[in-house]
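Each protein sequence line maps, in turn, to chains G and V.
Going letter by letter, the first sequence gives residues 0 to 215 in numbering that gives the first Met the number 0.
Going letter by letter, the second sequence gives residues 0 to 127 in numbering that gives the first Met the number 0.
Everything labelled a hint here was simulated from the structure, so no lab data went into it.
Any given hint could be a false lead.
[To be verified] List of simulated lysine-lysine pairs, BS3-like, C-alpha gap at most 25 Å:
| id | chain 1 | residue 1 | chain 2 | residue 2 |
| --- | --- | --- | --- | --- |
| 1 | G | K104 | V | K72 |
| 2 | V | K104 | G | K31 |
| 3 | V | K72 | G | K96 |
| 4 | V | K72 | G | K109 |
| 5 | V | K98 | G | K104 |
| 6 | V | K98 | G | K31 |
| 7 | V | K72 | G | K100 |
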Amino acid sequence: MMEGLREWIVTILSIIIFITFVEFLLPNNNHKRYINVIIGLMIMLVILRPLMGLLSGGTTLGDNILQASNQMEVMTMQNRMDTIDLANNETVTRLYKDNLKEQMKHRLEKQLGYRVHDLEIEIEEVDKKNFGMIKGITIVLLEEKQQESPPEKNAKRIKDVEVSVNVHVSLSEKNNNNVQASSIMIDSEGKVIKDDFSSFYQVDKDKINISVLKNK
Amino acid sequence: MEIYQIVAVGVVATVLAVTVKNQNQEIGMFVSIVTGFVIFIFIVAKLQSVIEILHQMANKINIDDIYLSTILKIVGIAYIAEFGAQICKDAGEGVIASKIEFGGKVLIMVMAVPILVSLMDLIINMVP
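Isolated chain G (complex conformation) (with noise of 0.2 Å):
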């Protein structure tokens, strides 16, 4: 409770210096308007968030906007697809792709704290009324989480860069590889990343492949 109180004391507090350090950033024109509107609705969003924990037990914050602006980015996609010709469908596909591959990277590590090598996401193409869906995720992750105190975790990522750079070699040869590998992670946090992944993006749990980079 009281970790809590503090930790969001800390939040306001310094959500308000960050924002009237930015304000003499902005160019003083009338953008100027806009930027108070949004920085009023976070000021309020960051009050309110204790009860938000409440009220939908658990989910945060970070969950709900990535949620909102995940589902705009697809509707985005529709709309572009319904415009321009079809020429230029793989030009969007791999726009939105490259979007929804950042954020989930971004998910991935900052959220859930694992570190991600690789990730490849398949989506839907044919079917004009579910495009954009996702039909399959795999990943590729690091072995250890990033938790460490952090110098040792300075002297791991040395190490990390190592393996990846192995690993660019023999790309080819790892997909082989995939089936063994996501054997090897049968432990729970394959699952917690498929449960979150599943809930959030709204994609079957079979269809997500994690498999672990071994550091050795």
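Starting from the structure of chain G, add chain V where the hints point.
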């Protein structure tokens, strides 16, 4: 001191642009566009380091990344739109400039929609 360099670039470019403008108006415009870019690139490295430090700080005190990144994105959009609109205005194309500003406004509003949605969600949940 970097401010000397920036002012020097600006003053030299202004003198150049004014001199050239009498003979050839287009080249004067090019000079001002290029100067804008040069100063922008000059200052961007500094800004980058500041933003990096802010991110580190946010990580340390463990606040949600979403606040910081949203605000910074909005400020970035406002700046870039302003930059483009100024160039267009300088070249005498007020109509295009106002379209750029319009685009900037819409994109800022798009950033705001997810926040609005979650706020509405919260308020609706709050009322029994």
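Verification of the hints:
no., hint, result
1, K104/G - K72/V, "19 Å, holds"
2, K104/V - K31/G, "10 Å, holds"
3, K72/V - K96/G, "20 Å, holds"
4, K72/V - K109/G, "18 Å, holds"
5, K98/V - K104/G, "34 Å, violated"
6, K98/V - K31/G, "17 Å, holds"
7, K72/V - K100/G, "19 Å, holds"
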